[in-house]
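*Asks:* Now for the letters of each chain:
There are 2 protein chains.
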Amino acid sequence: MINQQLLNPSSVVVVGGSDDVYKPGGAVLRNLLESPFKGEAYVVNPKADMVQGVKSYHTVEELPQVDCAIIAIAAKFCLHTVEVLAREKGTRAFVILSAGFSEENHEGAELERKIVEIIDSVGGALIGPNCTGLLTTHYNGSFTSPVPQLDPKGVDFVSGSGATAIFIVDNGMRKGIKFNSVYAVGNSAQIGVEEVLEYYDESFDPETSSRIKLLYIESINKPDKFLKHASSLVRKGCRIAAIKSGSSEAGGRAASSHTGALASPDIAVDALFRKAGIVRCNGREELATVAGIFMYPELKGKNIAIITHAGGPAVMLTDALSNNNMGVPHIEGPKADELLSKLFGGSAVGNPIDFLATGTAEQLGFILDACENDFDEIDGMAVIFGSPGLFPVFDVYELISERIKNGKKPIFPIFPSYGWVKKEIEEFVERGGVYFPDEVIFGSTLAKVYHTPAVQPEDAPMPCVDVAAIREVINAASDGYLAPAQIHNGGYRPRQRGCRLRRGGVRRYSPRHRVPTRDEGGRPRA
Amino acid sequence: MINQQLLNPSSVVVVGGSDDVYKPGGAVLRNLLESPFKGEAYVVNPKADMVQGVKSYHTVEELPQVDCAIIAIAAKFCLHTVEVLAREKGTRAFVILSAGFSEENHEGAELERKIVEIIDSVGGALIGPNCTGLLTTHYNGSFTSPVPQLDPKGVDFVSGSGATAIFIVDNGMRKGIKFNSVYAVGNSAQIGVEEVLEYYDESFDPETSSRIKLLYIESINKPDKFLKHASSLVRKGCRIAAIKSGSSEAGGRAASSHTGALASPDIAVDALFRKAGIVRCNGREELATVAGIFMYPELKGKNIAIITHAGGPAVMLTDALSNNNMGVPHIEGPKADELLSKLFGGSAVGNPIDFLATGTAEQLGFILDACENDFDEIDGMAVIFGSPGLFPVFDVYELISERIKNGKKPIFPIFPSYGWVKKEIEEFVERGGVYFPDEVIFGSTLAKVYHTPAVQPEDAPMPCVDVAAIREVINAASDGYLAPAQIHNGGYRPRQRGCRLRRGGVRRYSPRHRVPTRDEGGRPRA
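Protein chains in written order, with numbering that gives the first Met the number 0: chain S, 0 to 525; chain D, 0 to 525.
Chain S with its partners taken away, still in its complex shape:
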């Protein structure tokens, strides 16, 4: 399980480290040496005495004591390596990059099992095998690139797929998203998504911990553990977004083995996420967009002021927000008139606030001031500002950076001219900003985040279910069908505190209406 040797090792050996940075063993060593890692680094490579300036031992037996081992050698050699390290070298953290284990065949699975057994026996931690490694604020133990900018308030990211992780990091970096840690857990032989969540939960410090967690998951093997720690983190003020992929195949399998839609694993995932207050995402772009939104202060209400120099995107954002139950309220009154008088003729402040293609940074400042101080109905601002190709917009982007830092209401910047004002955008990102390239993707994602149900309280009141009364109603149904009125009055009473079933001491939700009536034959159902 996750320990200090894994998180912040004082010494690291790369077994299979080489000068060839096109291979995992070479790339992970380069990344380690270029990272904030300040401890001792060693290499095991039978053919070299020095690798990338680091002392190389020909065998693992020759190594000194070492906290953490990153292993990039063929699967068949891993067991021996782990054995020597665990038993003789005091190694308590293992990152096995190598493939060829349980994902490949039965022999691989057996090998994997033996490795876990050894590591468990010494109280060690294992990431992998078949993974791309991990990145913490203390060191880079992954072979992937690009390496994201580290920030203690950045994203904690756990992924079941290393390639997916790096593709999301690549996407996020372009948008200015920072990362605090990245765990690509591979086969999750010992540490999986659930265990990393457990660690985040149990080590959570309201002062120093990052509050943003992203997950890419293909299977949730321990739903209770997952729910426990995810919802605990959300209750502590964290915000979690996750992709759970494989819905279509899972749906197909479910259909062949179950009958009811409620039994579909994908619906179960939805329910699990809803209970935990997790924003479920559909793909990399949406996950990166949610991460960007998470890096801004939380919206306190659903009303957005759309501020723009370009009408079309503002109309599209209005559609995206209001079609998704967000508000774009009309702005009027003396304060609105006062603002209008500070803008060029032809501008509009009714929301969208359109200050025209010729609008200046100074005018944008007036608009943001008014939204922040004068328009109480506004909860957040979306500023769409690209370029039709006339003049540089450095001053506008600088003003946006400054207002984002000093404002109370969130200001979401949408920058559509990635190609043309690229330098301005890069400068904005270097100053620590996060931007969104497409207003419609932003708008519908903001709505999704805003409307994600709050996490279920720890002591959620349970509905009272009178099983005997329900059974009686069902038994009274002569032909297997029940009229709606019979069901509603059957045995269900509104939620009340302290009421629970006592079977096994476990609280149970009894979903409404799960009365076993037949639904074939076209008869009306309750």
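Hints were generated in silico from the structure; no laboratory data involved. Quick caveat: nothing in here was measured; it's all calculated off a predicted structure. Incorrect hints may appear among the rest.
[What the hints assert, rightly or not] Now the in silico label distances, taken between C-beta atoms and shown as ranges: (1) GLU361/S to ASP48/D: 31 to 37 Å; (2) LYS152/S to GLY344/D: 42 to 48 Å; (3) HIS79/S to THR357/D: 21 to 27 Å; (4) ALA453/D to ALA267/S: 34 to 40 Å; (5) ALA475/D to GLY300/S: 51 to 57 Å; (6) THR357/D to ALA267/S: 34 to 40 Å.
[Said to hold, decoys possible] Which stretches of chain S does chain D cover? Using the computed rule of at least three CB atoms under 8 Å from a CB of chain D, they are: (7) 98–109; (8) 151–162; (9) 236–247; (10) 311–317; (11) 416–422; (12) 437–444.
Glycine is no exception: its CB is placed at the ideal position from the N, C-alpha and C atoms.
Given the coordinates of chain S, work out where chain D should sit on it, guided by the hints.
*Replies:* Below, chain D without anything else, positioned relative to chain S:
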């Protein structure tokens, strides 16, 4: 209306042209001079004799005869300028960039009306006012940047919003999308989206015309004309995608003046697009994605082979396709086994075809060969290939370029590592390729394109409606409700050729079931 002087002028004057390329008059002159334009260029600028190397006249009266005028001066001076050009200089094409017309106030609208009157009186063409101009293969008459790569088989793009147009061009250029023409029609005082469609339709040449049309529209003022030319173009083999924005506000207005959902303008737009076979898009990113899909051969069936070196994105693409009614059929049999034998151990060919992070360009070639020649059930291939950050992938992207050019089935490339293998992607785009950055956006958009209904045939058969019989059925309903059986047998007969209502000679669709039964009160409806 659109004429040769607008499309391919032998001489162009920029009225208000200057050396200041940060202003429209300077920027449009620079763009014109850098474009393929080979004719005479003039400037009118009272303060200069030479502007950007071009002879400048102090007044419009001093100009020689000139085909086309691009006007970038204050609105109040435009009428006189147009008058002199139209009556004395033989000018028959006008592009008015200036704002301050009907979009601003009543006086502006009056000015605009007078300008149109003059231009109409000499049979001239007018783009604008309040627009960013137009770009054809002959010349660049727009002030916006970046300027897209021109290609006779590229996209024809008509936009009611200049800023939106350039943002979409910027996005599209990054993905490798080429353009044949861009019309930003501004206030559409004379030439609007409908007129440009009319021109595309009437000038369509199966040999030379581009077959891809993109539209950004905020209002459809002439739906009959729009439908006529859009559907005619689609019947001629064109593919059209469009954003019609303002759906939410329009929906709101509709709700206050109408009662039924069928009366909603947004539903009317949907119906119009469906009849014309137009792919309706939700935002810039989706429109650019559809444009990218349009640049590939049309899918002949819905079955896709997903080819990847990264499992996660392949799972997400499988979800996106199969959740949207596309097929990701299982691939098996001797040919599949033969293919598997050519890949590294641990690869999978069942679809997704996963040839692992270590997969080579040669192996990708084997896979594409098999999909093209051996797997008859496959209609197209999606290749997801990024980089976990190890080695360059120039060879893989070059192979994809070559196969796209020479294959019969479409190959859609999804490149997730925009930051890390940027150079490879740029090279791919320079070779003429179009790629997609996100597999989920690609997958759901491909499904949308594939499932867009075909254009309605020119002589679509009409259903027969026996109004008298229907009236009789309704009159027989004692309490205002009708049972489903009564409605179905009432007066509706299946579609048949040559059957139409004769009222006014206009064909009319009679929507099914629009029997005025009440729907309040919770009673079951048909």
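*Asks:* Hint by hint, note whether the structure agrees.
*Replies:* Checked hints:
1. GLU361/S to ASP48/D: 31 to 37 Å: holds (35 Å)
2. LYS152/S to GLY344/D: 42 to 48 Å: holds (43 Å)
3. HIS79/S to THR357/D: 21 to 27 Å: With Cβ atoms ~24 Å apart, the hint holds.
4. ALA453/D to ALA267/S: 34 to 40 Å: holds (39 Å)
5. ALA475/D to GLY300/S: 51 to 57 Å: holds (53 Å)
6. THR357/D to ALA267/S: 34 to 40 Å: holds (35 Å)
7. 98–109: With 4 residues closer than 8 Å to chain D, the segment 98–109 of chain S meets the three-residue bar; holds.
8. 151–162: holds (count 5)
9. 236–247: holds (count 5)
10. 311–317: This one holds; 5 residues, not fewer than the three required, reach chain D with a Cβ under 8 Å.
11. 416–422: holds (count 4)
12. 437–444: Coverage by chain D holds here, the residue count being 4 at a Cβ distance below 8 Å.
The structure agrees with every numbered hint stated previously.
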